[in-house]
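**Q** Next come the chains, spelled out residue by residue.
There are 2 protein chains.
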Amino acid sequence: MSIPHPLDQLQAAELSVARDVIVQAHPDSVILFRSIYLDEPAKASLTEFLTAEHSRNLSDPTPRPPRQANVHYDVVRADKSQIYTESVVDIHTKREVSRQAYDAADQPSIALEEYRVVMDVCKSSPVFQEAISKFKLPKGFVVEIDPWPYGGPDPGEVIPRYLQGLCFAKDARNGNPDANHYGYPLPLIPVVDAHKQELIRIDKLATGGTADGLAHGTHSPNVLDHCRPSDYAPELLDIKLRDDVKPLNVLQPEGPSFKVSDDSLIEWQKWRFRVGFNPREGVTLHDVRYDGRSVFYRLSFSEMTVPYGDPRPPFHRKQAFDFGDGGAGRAANNLALGCDCLGVIKYLDSLNINRSGDVSVAKNVICVHEQDNGIGWKHTNFRTDRAVVTRSRELVVQCVVTLANYEYIFAYKFDQAGGLTVETRATGILSVVNIDPGKTSPWGNVVSPGVLAQNHQHIFCLRVDPAVDGYKNTIFREESLPMPLDPEINPFGNAYQVVSQPVKKSGAFDASPSTNLVVKLSNTNVRNPISGRPVSYNFVPPATQLILADPRSIAAQRAKFAKHHVWVTSYKEGELFAGGKFTNQSQAERGGLADAIARDDDTEDSDVVLWSVFGLTHNPRVEDWPVMPIEKIELHFRPADFFDRNPALDVPGVRNMTSVLADGNGTCCAASGEVQRAPESHRQGGEDIPIR
Amino acid sequence: MSIPHPLDQLQAAELSVARDVIVQAHPDSVILFRSIYLDEPAKASLTEFLTAEHSRNLSDPTPRPPRQANVHYDVVRADKSQIYTESVVDIHTKREVSRQAYDAADQPSIALEEYRVVMDVCKSSPVFQEAISKFKLPKGFVVEIDPWPYGGPDPGEVIPRYLQGLCFAKDARNGNPDANHYGYPLPLIPVVDAHKQELIRIDKLATGGTADGLAHGTHSPNVLDHCRPSDYAPELLDIKLRDDVKPLNVLQPEGPSFKVSDDSLIEWQKWRFRVGFNPREGVTLHDVRYDGRSVFYRLSFSEMTVPYGDPRPPFHRKQAFDFGDGGAGRAANNLALGCDCLGVIKYLDSLNINRSGDVSVAKNVICVHEQDNGIGWKHTNFRTDRAVVTRSRELVVQCVVTLANYEYIFAYKFDQAGGLTVETRATGILSVVNIDPGKTSPWGNVVSPGVLAQNHQHIFCLRVDPAVDGYKNTIFREESLPMPLDPEINPFGNAYQVVSQPVKKSGAFDASPSTNLVVKLSNTNVRNPISGRPVSYNFVPPATQLILADPRSIAAQRAKFAKHHVWVTSYKEGELFAGGKFTNQSQAERGGLADAIARDDDTEDSDVVLWSVFGLTHNPRVEDWPVMPIEKIELHFRPADFFDRNPALDVPGVRNMTSVLADGNGTCCAASGEVQRAPESHRQGGEDIPIR
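Residue numbers (UniProt numbering), protein chains in the order written: chain X, 1 to 692; chain D, 1 to 692.
Calculated directly from the structure, the hints in this document are not laboratory data. Think of the CB as a built atom: it goes at the ideal place given N, C-alpha and C, for glycine as much as any other residue. One should not assume that every hint holds.
[Stated by the list, open to error] Straight-line distance between alpha carbons at most 35 angstroms, and here's what the computed DSBU-like set of lysine-lysine pairs gives:
#1 X:Lys-563 / D:Lys-581
#2 X:Lys-439 / D:Lys-472
#3 D:Lys-563 / D:Lys-581
#4 X:Lys-632 / D:Lys-413
#5 D:Lys-43 / X:Lys-413
#6 X:Lys-123 / X:Lys-80
#7 X:Lys-632 / D:Lys-563
[What the hints assert, rightly or not] Just a sample of chain D residues kept apart from chain X, beta carbon distances all over 12 angstroms, derived:
#8 Ser-81
#9 Asp-90
#10 Pro-187
#11 Ser-230
#12 Gly-444
#13 Gly-532
#14 Pro-629
#15 Pro-639
[As the list claims (entries may be wrong)] To give an idea of the chain X side of the interface with chain D (calculated C-beta under 10 angstroms), a few residues:
#16 Val-498
#17 Pro-502
#18 Phe-509
Kindly generate the complete structure, drawing on both the sequences and the hints.
**A** In structure tokens:
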């Protein structure tokens, strides 16, 4: 086994070392493991290593940061209560380097095994069974429970570790386990103590839409009789699948243009970066460089909150923090060749542990592939009719996560012009509740009979730790502003001014498309040789709607990060989470972005971090049912005076010889043919004018 | 020859008929033709025909609208002045149906032959030659002139037909006609009378950036000595082309999934529409239907204005209206297989005429092809680990236009979920002027030594004539608004309200991402059977920056449409152009959107038209030189309660069997393989709970 790079994920043997160290350190307790993953080296030591690596000064012994594991686990007490604990273990010395135990105010994310607890507790609870028995469910249906985070406790409510269960019925008559239960929502929510493994209470749900306001109990016992199947699995559909989608194959006969080595290193078209993966953030990118020059130190999805806008209790507690309450890495799909991606694919695996700390492989959680993105640049010389055109190739690093009903697709897309696009796609199944026959609701849309899809928001936060030609950067806000007509400066009134201001102190601000706000990640110590301006990357923050909940509400208080589009902070070790480290059952954001900017740090020409908050307000359409077509948001990072010309100028404009002409009737193709020039050109070229 | 559909482009024989009718109608004059193209039938008669067509009630004789041609031409007078004239000719009866002559206040777009006039006039002008001779140009360089519209005359300035010429030098020493002259800008602009074919004057240009304000003449005679080559043609590059872009082939062994017939009809995946093409708008789409249901009556790019923000005269007149001054159809590229598109391509041609009315073929001005757009929808059942995933196939109808230095790529992308995305890409070469050595400017960026790329905006307008389940539609503004915490209605403060208001009168409003403004194209007479809401298509107007020029300026006055994002008008026959019919040399928008809304028409439940204004403020980067990587803007039209579920639910989730695994080193590929399941699933499925 070669020496791992400091950013390589921990290997199975390393996980086992960490597990064993923790087990041995608690000889008298039962340990329930939650996660074990690489403890990324501190930035100071990692940048020292990276600097040596890139200057090819790696000597032996190399100044290599220690190889350490984060270990998250519960220590089980005799009274069934559990102490959530985090340790750092040094793999080489097999020693526990640090340990911190937390109390009930700090609730870790939900372990997958806790899902089972909710299901098992309900299944064996006579109270729950009795509540269910009051519904006259159709014959052959079974109950399914989707465990959810409890959400933010109400003001004054103090709770231990709770989970709630959204309940549905599934048509089990034909035995297909993929029959869609979300089409049959049941109007009750059991609340379970996950430590004591007890049913705490059952909340009853309003089903009347508007007419009965916050009341519940308006439904008949035959609560599902007006519902109907909402299947998406092809074998269960009542409609014929399309037979006219002809194959579209992506073939790369010479293989991909990228290289993956060292477990974490990806090289493609002058880009070079490391890929990390951890249970909370999923994919992380590190040490992102173009043609040897540093651009980003670290990129990650930091948090996402999904507050629902239905005020009828207990729906106000439907608010997931999908990273802090769940974990994107934990929820990553095992991707499949030819379904999730086309072409030549490199999949990367990760490792999981169970509650005992046993290691298993999470296959294909990341895919790496290339795709074509249309014309990259083109110019036709109208004098000669000569067109020079290149296509834009992209490298995609993608991960798909399933969080109960919803799916999110996260992708980093590198291009040949020095740009990076960060893409999110939302798909999957809407979170729905029961509604009485014939009723509608201002809080959502009836997407299937008896099924109310509640209005909600998805608010994401991307964390960007820039390293534009070095680790000391400055964030600028650049705006294009009107100038009044003025006889001296602007005599005809057509001028506008571009005003750029450095962000001198940590703080937050909002997108401003009306002033064309561009956020520049700049290095003021390095000037572009042509323009004289600081080398930069541009980022236009998307002006998506911010959180709508009343600022005094628990929903807004626990997601303060969702109040602004852009946050600028000074780098602080371990400060990775926009909504704070502990979001599960939080009543207010703690240690998140609001606290980070309160330090009032200087941020000019320093180790600065940018956080981009964006999202979508999702008022469901009937078309989003039963599985919604993707909703896409893209963030663009583009070089601005970083290079001395278009970096894609050297992309060859090769004609693809496998493209063919269609004959128009869709049944066959003509052989590949030359494009004919117009018999008489419809352009008028000019002659050169010689200088006398 | 079969009877053409009323929306089929005119055929060559039809163009000749129209030409002959006009020539014969002016026996004593010289006629210089500008364009001949289909006069689209009036909406009343066309909708009658379409209704019959779709109800399969086409009888013989069919109530077919008359087949007519628009003929635009100049009648040349003895004094060389020209009367711009428009006639409509009935092809069947060979009669001139109508004629209108215009005076100098109404200047038509620039004919391609007028480009040549500018070049020829300058070439033969001793005054121009003398002005050039004052520059000490490098040996072997020649002068190139890019003819441009004159722009808006200054207040009080009355002119006949003027064009201006942007002047550059080209290194002709190696004889390559594609050497890039834009890297050598010359600081003078000749102004030419296109009718009299005379040089009117030469404007001298400021080259000092800021220091000398509006002054010119600060440059040395060696005005290009600090410039350097800016080539993009591969044979002229001083850098090596990349050799690591391995082929990515799109193969469709069973042919495309679309059908093109009748010259104009395209059918694909339940979509069915007609494609038109005319000299001004380029591609137009008509009678767009999904699964037999009408969605749009007509879609077109209506106008684009490109005002420059450099106040130094005469740069204030750099403002192109690329549709009204030039014409997207006239400037369409002849697309090439394997360069402009991959896969199986169907190209559509158009026809051009020259000044004599002779017809020639414009080959491949439209391309039609399919592309893959990643995951379309996906859900993984966490209980069974079963993932159902479909890919999103798109049908693209694309056109690329070259307007002197710039390129624009316009594409309509249909998807399988009933959505339509309208895409624009800007690429090509920046419009640049000379700047003295070592200087910078607040009005632009130095992108190459001696080359100042001026700040500018591109403001587009898309015209959308909706027909959502019929021709009577209502536009709604739907906003998501916060609700205060309230003990009765919103006890926990998490609720928000969705407020929808019909646009009752013609008018304009702006994008509003902070309230999640969605524009709904609705038919209030047809209700969704599930939700009970009006069937609709949703459109989120992009909140791009509007025109920055002072509202009192000529630049802003002639582009009033660029002051608002969304305009709603009542349908009026022939009202197609956001900036008015005549933009060339306009001093104010006439007959454009500002005038249209002044009619104060009722727009509810009526034949209503939506106009979307969007664009980009382009403050150039060094990376935009010498040819800029594409800048993309997308507009999305998505069904909202138009269907009774996700219309892409019937897209089969077929695994693509040609995708293969990469081995990671980029040199070869493993054979196509099954994806292994994790040895121990990292998900925890729950058991069904039977009902007692």
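**Q** Look at each hint and say if it fits the structure.
**A** Hints and how they fare:
no.: 1; hint: X:Lys-563 / D:Lys-581; result: 45 angstroms, violated
no.: 2; hint: X:Lys-439 / D:Lys-472; result: 28 angstroms, holds
no.: 3; hint: D:Lys-563 / D:Lys-581; result: 18 angstroms, holds
no.: 4; hint: X:Lys-632 / D:Lys-413; result: 15 angstroms, holds
no.: 5; hint: D:Lys-43 / X:Lys-413; result: 45 angstroms, violated
no.: 6; hint: X:Lys-123 / X:Lys-80; result: 20 angstroms, holds
no.: 7; hint: X:Lys-632 / D:Lys-563; result: 28 angstroms, holds
no.: 8; hint: Ser-81; result: 22 angstroms, holds
no.: 9; hint: Asp-90; result: 26 angstroms, holds
no.: 10; hint: Pro-187; result: 16 angstroms, holds
no.: 11; hint: Ser-230; result: 8 angstroms, violated
no.: 12; hint: Gly-444; result: 9 angstroms, violated
no.: 13; hint: Gly-532; result: 6 angstroms, violated
no.: 14; hint: Pro-629; result: 4 angstroms, violated
no.: 15; hint: Pro-639; result: 5 angstroms, violated
no.: 16; hint: Val-498; result: 5 angstroms, holds
no.: 17; hint: Pro-502; result: 17 angstroms, violated
no.: 18; hint: Phe-509; result: 14 angstroms, violated
In terms of the numbered hints stated before, the structure departs from hints 1, 5, 11, 12, 13, 14, 15, 17 and 18, listed from lowest to highest.
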